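So the sequence lines, in the order shown, correspond to chains L and H.
Our numbering numbers the first residue of the first sequence as 91 and each following residue consecutively.
Our numbering numbers the first residue of the second sequence as 91 and each following residue consecutively.
Treat the hints loosely; a few may be bogus.
Any copy will do: because identical chains look the same in the list, a pair fits if it lies in one copy or spans two.
What the hints assert, rightly or not - The list that follows gives simulated cross-link-like pairs (lysine to any residue, SDA-like), each with its CA atoms no further than 25 Å apart:
hint	residue 1	residue 2
1	K374	S124
2	K374	T203
3	K312	R242
4	K374	G219
5	K374	P201
6	K340	G188
7	K374	Q127
8	K340	A272
9	K374	E209
10	K340	W285
11	K340	F233
12	K340	E176
13	K185	R364
14	K340	P228
15	K258	E341
16	K263	S198
17	K263	L354
18	K185	S95
19	K374	A160
FYI, nobody ran anything at the bench for these hints, they're computed from the structure.
Nothing here was measured: the structure is a model prediction, and the numbers come from that model.
Protein chains: 2
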Amino acid sequence: MAFLSGLSAFPITPSNHDGRVDTVALRRLIARLSAAQVDSVGLLGSTGTYMYLSREERRRALAETLDEIAGRMPVVVGVGALRTDEAVRLAQDAKALGAAAGLLAATSYTPLTDDEVFEHFSTVARESGLPIVVYDNPGTTHFRFTPALVSRLAKVGGIIAIKNPTDKPDAIKSHLADQRRAVPEGFSIGYSGDWNAAEAMIAGADTWYSVLAGILPEVCMKIVTAARRGDAAEARRIDAALAPLWGLFKEFSNLRVVYALAELFDICRAELPRPILPLPAPAKRQIAAALERLPSDASR
Amino acid sequence: MAFLSGLSAFPITPSNHDGRVDTVALRRLIARLSAAQVDSVGLLGSTGTYMYLSREERRRALAETLDEIAGRMPVVVGVGALRTDEAVRLAQDAKALGAAAGLLAATSYTPLTDDEVFEHFSTVARESGLPIVVYDNPGTTHFRFTPALVSRLAKVGGIIAIKNPTDKPDAIKSHLADQRRAVPEGFSIGYSGDWNAAEAMIAGADTWYSVLAGILPEVCMKIVTAARRGDAAEARRIDAALAPLWGLFKEFSNLRVVYALAELFDICRAELPRPILPLPAPAKRQIAAALERLPSDASR
Numbered sequence: 091m092a093f094l095s096g097l098s099a100f101p102i103t104p105s106n107h108d109g110r111v112d113t114v115a116l117r118r119l120i121a122r123l124s125a126a127q128v129d130s131v132g133l134l135g136s137t138g139t140y141m142y143l144s145r146e147e148r149r150r151a152l153a154e155t156l157d158e159i160a161g162r163m164p165v166v167v168g169v170g171a172l173r174t175d176e177a178v179r180l181a182q183d184a185k186a187l188g189a190a191a192g193l194l195a196a197t198s199y200t201p202l203t204d205d206e207v208f209e210h211f212s213t214v215a216r217e218s219g220l221p222i223v224v225y226d227n228p229g230t231t232h233f234r235f236t237p238a239l240v241s242r243l244a245k246v247g248g249i250i251a252i253k254n255p256t257d258k259p260d261a262i263k264s265h266l267a268d269q270r271r272a273v274p275e276g277f278s279i280g281y282s283g284d285w286n287a288a289e290a291m292i293a294g295a296d297t298w299y300s301v302l303a304g305i306l307p308e309v310c311m312k313i314v315t316a317a318r319r320g321d322a323a324e325a326r327r328i329d330a331a332l333a334p335l336w337g338l339f340k341e342f343s344n345l346r347v348v349y350a351l352a353e354l355f356d357i358c359r360a361e362l363p364r365p366i367l368p369l370p371a372p373a374k375r376q377i378a379a380a381l382e383r384l385p386s387d388a389s390r
Numbered sequence: 091m092a093f094l095s096g097l098s099a100f101p102i103t104p105s106n107h108d109g110r111v112d113t114v115a116l117r118r119l120i121a122r123l124s125a126a127q128v129d130s131v132g133l134l135g136s137t138g139t140y141m142y143l144s145r146e147e148r149r150r151a152l153a154e155t156l157d158e159i160a161g162r163m164p165v166v167v168g169v170g171a172l173r174t175d176e177a178v179r180l181a182q183d184a185k186a187l188g189a190a191a192g193l194l195a196a197t198s199y200t201p202l203t204d205d206e207v208f209e210h211f212s213t214v215a216r217e218s219g220l221p222i223v224v225y226d227n228p229g230t231t232h233f234r235f236t237p238a239l240v241s242r243l244a245k246v247g248g249i250i251a252i253k254n255p256t257d258k259p260d261a262i263k264s265h266l267a268d269q270r271r272a273v274p275e276g277f278s279i280g281y282s283g284d285w286n287a288a289e290a291m292i293a294g295a296d297t298w299y300s301v302l303a304g305i306l307p308e309v310c311m312k313i314v315t316a317a318r319r320g321d322a323a324e325a326r327r328i329d330a331a332l333a334p335l336w337g338l339f340k341e342f343s344n345l346r347v348v349y350a351l352a353e354l355f356d357i358c359r360a361e362l363p364r365p366i367l368p369l370p371a372p373a374k375r376q377i378a379a380a381l382e383r384l385p386s387d388a389s390r
């Protein structure tokens, strides 16, 4: 599963008021990730507003991304939907277009049982043939994966990896060790929660699923590279330099902040899908000020 | 706002594996509600699996329902969607077809702020012209309406009512009194949570938004009628007789139980949209046994 290790960078999906993807702006974002040689691109994650885009727009976004990347790195793409049949169709689309894997969250309206989530994931894996990454994101889905459910899912053919949320940084090491024991060898274990990711990579996680890397890939690659060569001090030094950004991620949500960053960096002036509102001007000024406080090697 | 008082009965929306509504079965359910002379029909609520059905199917379900009811009672219809523009379109459809009001929940994937929910609701009310019922359902949306937000929303033109969740029955009276003070006169205050609804109606709530009434309207009408004429003892007697059903609602979720009831009553053999699974056979046997324990005037 070498394609799911290292830095997986999750860009925003710029779109207009009607939910039509701005493919010119998207390609500009993807080109930056490609130039920074991230290990994989995570298209249409929560940061990529996948739940707000139609099947057709998700297909367009993926096709343009794959064309821009031209095989230089694998693309993991969000295939989540409320209905199982819809998630199957999205995964089939992704497989047909050439995605390397599908990221599947336990999205729900009616709260789901463990058995329902198990069936949902196995059905999508089986009926699409697309390798599936279990996307554990309680902050948006409100579903909690138990260790027992993760272990059951990891044994299903075609389910190849997990993207875990992080809680406290000092809990990651034991979480990782426990999960390693519960899943087959070769199953890729990764984490999101950018502010804890340096610790996760130092602890030996396979993958950092990163929101910041979608807009600032180079500084995130530096953390991953330092952790890989065992230089925990350097990984922590860069992580600490990014603290002002982590603070903003926690205060305003990383999604809203990276939209503001895309505007500040003059990449695009995309708006989030309503009902999500743009950050107010004072928050944007706070973000601009935080950028100025970053050391120069962290702000590009 | 007389059309939003008394019993609002929420039927299931029978549909096939592909999410196509079974209009014959739906009309059979609606005819029962019409015969029982419920005060309104709540189509495409959470029980009506609105979030799992396409715009086209939601339009079909509403058109068939309005045709079956033929003006005998108002229809409130779920118009919720993740995107504001989609909710506007659903509300415009509902208005064009002749629904009396739209039920709008704060559905989200990305957690929403109070301002975002306020804009979402005001935009749908303004751009559709459909009277809007605020649907506060933290169990599915995980959004919590504060009293301050309810008060702001109640002052928006076209937002006419609220469907509150219930917590403990002994907290309803003070909740109702507090909310009355915070909203304009004539704003309709109702409750869901069937097992607490008798107390809500005794306390003077305008409306009971009822899942059970979607399948057993007559016994629910008896509770509402008793509460209306001030006979709290009789309302409580019938409510207590339904305790075995309330227990099942809490154990298996009311949605899953009413699907089993529709099958037991031979109304239809609809399946819930996957990933939601049918209840296992032992649970269905438990439901059948509970029905037999109900007094005869409560089981029809």
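Structure-based check of all given hints:
Neither within a single protomer nor between protomers do K374 and S124 lie at most 25 Å apart by alpha-carbon distance, with minima of 27 Å and 54 Å respectively. Only between protomers do K374 and T203 lie at most 25 Å apart by alpha-carbon distance; the minimum there is 17 Å, versus 40 Å within a single protomer. Taking CA atoms no more than 25 Å apart as the test, K312 paired with R242 passes in neither setting, with 35 Å inside one copy and 48 Å between copies. Proximity of K374 and G219 under a CA criterion of 25 Å is satisfied in neither setting, with 43 Å inside one chain copy and 34 Å between copies.
For the homomeric pair K374 and P201, the shortest alpha-carbon distance between copies (20 Å) is at most 25 Å, but the shortest distance inside one copy (35 Å) is not. Proximity of K340 and G188 under a CA criterion of 25 Å is satisfied in neither setting, with 34 Å inside one chain copy and 45 Å between copies. For a Cα distance limit of 25 Å, the shortest separation of K374 from Q127 qualifies neither inside one copy, at 29 Å, nor across copies, at 55 Å. In this assembly of identical chains, K340 and A272 lie within 25 Å of each other by CA distance neither inside one copy nor across copies; the values are 31 Å within and 32 Å between.
In the homo-oligomer, the alpha carbons of K374 and E209 lie at most 25 Å apart only across protomers (20 Å), although the nearest pairing inside one protomer, at 43 Å, exceeds that limit. With identical chains, the CA atoms of K340 and W285 are at most 25 Å apart within one copy only, with a shortest distance of 9 Å there and 39 Å across copies. With identical chains, the CA atoms of K340 and F233 are at most 25 Å apart both within one copy (20 Å) and between copies (18 Å). Proximity of K340 to E176 under the C-alpha cut-off of 25 Å is found in neither arrangement, the shortest distances being 32 Å within a copy and 29 Å between copies.
For the homomeric pair K185 and R364, the shortest alpha-carbon distance between copies (22 Å) is at most 25 Å, but the shortest distance inside one copy (29 Å) is not. Both within a single protomer and between protomers do K340 and P228 lie at most 25 Å apart by alpha-carbon distance, with minima of 15 Å and 23 Å respectively. In this assembly of identical chains, K258 and E341 lie within 25 Å of each other by CA distance solely inside one copy; the values are 17 Å within and 33 Å between copies. Taking identical chains as interchangeable, the C-alpha atoms of K263 and S198 are never at most 25 Å apart, the minima being 30 Å within one chain and 32 Å between chains.
Proximity of K263 and L354 under a CA criterion of 25 Å is satisfied in neither setting, with 36 Å inside one chain copy and 51 Å between copies. In the homo-oligomer, the alpha carbons of K185 and S95 lie at most 25 Å apart inside one protomer (20 Å), although the nearest pairing across protomers, at 51 Å, exceeds that limit. In this assembly of identical chains, the alpha carbons of K374 and A160 never lie at most 25 Å apart, being 35 Å within a copy and 53 Å across copies at closest.
The structure shown violates the earlier hints numbered 1, 3, 4, 6, 7, 8, 12, 16, 17 and 19.
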